[in-house]
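The listed protein sequences correspond, in order, to chains P and F. Start counting the first sequence at 910; every next residue gets the next number (my numbering). Start counting the second sequence at 7; every next residue gets the next number (my numbering).
If you're looking for bench data, these hints aren't it; they were derived computationally from the structure. All clues given are correct.
If you want a taste of the chain F side facing chain P, the calculated C-beta under 8 Å gives, among others:
no.	residue
1	Asp65
2	Phe66
3	Leu69
4	Thr98
Pairwise CB distance ranges, derived in the manner of DEER restraints:
no.	chain 1	residue 1	chain 2	residue 2	range
5	F	Ala207	P	Lys958	23 to 31 Å
6	F	Thr155	P	Gly961	42 to 50 Å
7	P	Pro1064	F	Pro131	37 to 45 Å
Just so it is clear, CB atoms sit at the ideal spot from N, CA and C, and this is done for glycine as well.
In case you want the letters, here they are:
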Amino acid sequence: MLASDLSNLASNAKSVIQAGADELHLDVMDGHFVPNITWGAPVIKCLRKSVGEDPYFDCHMMVSKPSEWVKDVAEAGGSRYCFHLEAALKDSGVDFNVAELCKLIRSCGMEVGVALKPGTDVSAVREFVSLVDMVLIMTVEPGFGGQKFMPNMMPKVVHLRDTYPNLNIQVDGGLSPSTIDVAAKAGANSIVAGSAVFKAADKEQVILGLRHTVERLGMGKAEGELTKRVKAKGAEVGVLMAGIMFVAGKYFV
Amino acid sequence: MKLLLASLLATTVSGFNPAFIPSHGPSGVATSSSTSTSLNAVYGKPRPVQIIPSVLPADFGKLGADCKKLEDAGCDRIQFDVMDGNFVPNLTFGPDTIKWCRGYTSLPFETQLMVSEKCTDAMLPQFTEVTKGPNGEPGVVIIHVEACTHLHRALSNIRAAGGSPSVALNPHTPAEMIENVLDLVDHVLVMTVNPGFGGQAYIPTMTEKIRKIRKWIVDRDLDVDIEVDGGIKATKETIGACAEAGANCFIAGSGLFAYDDMAQGVKELTQMALEGQGVSVKA
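Isolated chain P, as found in the complex (with noise of 0.2 Å):
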């Protein structure tokens, strides 16, 4: 939804969620952890009634205080509540830690995810690992425009699955066709794509090809196993989204 209408959401949502994603990534940004504004809760309400219940709705809280939102997102219909390492660090106290953080999540009946920005080293996540679904190794520093994919943010990939061959890691931020091989062969599995699908002419394809990509690189499936169908729901690996960006012209270049 990068360069698409902000104003027009939900018929967005369904356009993608017919060309093939298996996830809607929902950046919910409060200018505070991240120098923008983009949605809350009332907004993912509104587009779960529209969308109704069956899309996953993998909601990325670029939030300050990642606890103060979880009971929000889970009723507005999340699936997924991703928080960022940084912000659930600092907003822990005497009362409250990660590890918490992770329960009254899962409590409220989402799955877990853990987000580190660039600048965050992998073995911060380390102690987490156990408590989570899912890893999003950012591939741009969120929040800021013009920033194109980082390959540096490759060996974070590599260790993680190379330490955990059964974790879902997630990357997020320039991927394209033009980068999703060297994501693929580092081993991530499920792809953030805004502006690539959005802005194509054939979102079909494009989610196909990302798709491809991920199953040959990544699984090392030979041609004749990669997936036929576009909607690939219950594959195991591959999940492929399409990002509902809201930094619209700055993230994705």
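Fit chain F to the supplied structure of chain P, relying on the hints for placement.
For chain F alone, coordinates are given in the frame of chain P:
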């Protein structure tokens, strides 16, 4: 002349495009040159009544289309409630959402920044820009007095950037906090509920605050609207009381969306406000 006056008043009641446009700011529903006729009337010459819906109760999945609906219902302006989850315990939307809505309606916009000082400082130019009209006309940008240490400077910056500056006060904030910046603004927003969520009840102790600010505006001969936001419905106790105390702009969120026919809602709200102002309305 009499015919013209009657038609102006008829237009006033219906809430549609007025023949008279005030000299500053967005167009309003005209009360022409009528003066108060009742004892319980607003202090000074009544300013044009404006009914302004907030998008908070709208469908955020199709906000553009909802904005168009509000325009069709005869509203004067649309208010965007920007909340950053820090100044208020809710997170709504940011500048890009407002930017996209611009393409759906030519109505003037108003942006209320319920955001902390950090966001106010960093994002003011952006918000001023996206609030502008379809041809770059100034849009109303409302800063909260509680979220701005250098209010005088910030309001001046809005004006310099081509916006229409406004300042808002939370319920606990005394009117005196904005006394020294009244000359910089086009508009003051008196919150009549605690900001953050829709559907709350009007706080009656706010009526006196409105009255105080109105007196300053009239006595100092300033060209400033007073807006109220929170729990405003077509009742004597809410819109009626506020109008009588001196408010002329009324944010209606759930109070307007509750109507099946929003045009009817605009009519009823306008009618009640005019009565509060003590303006006699011919049928």
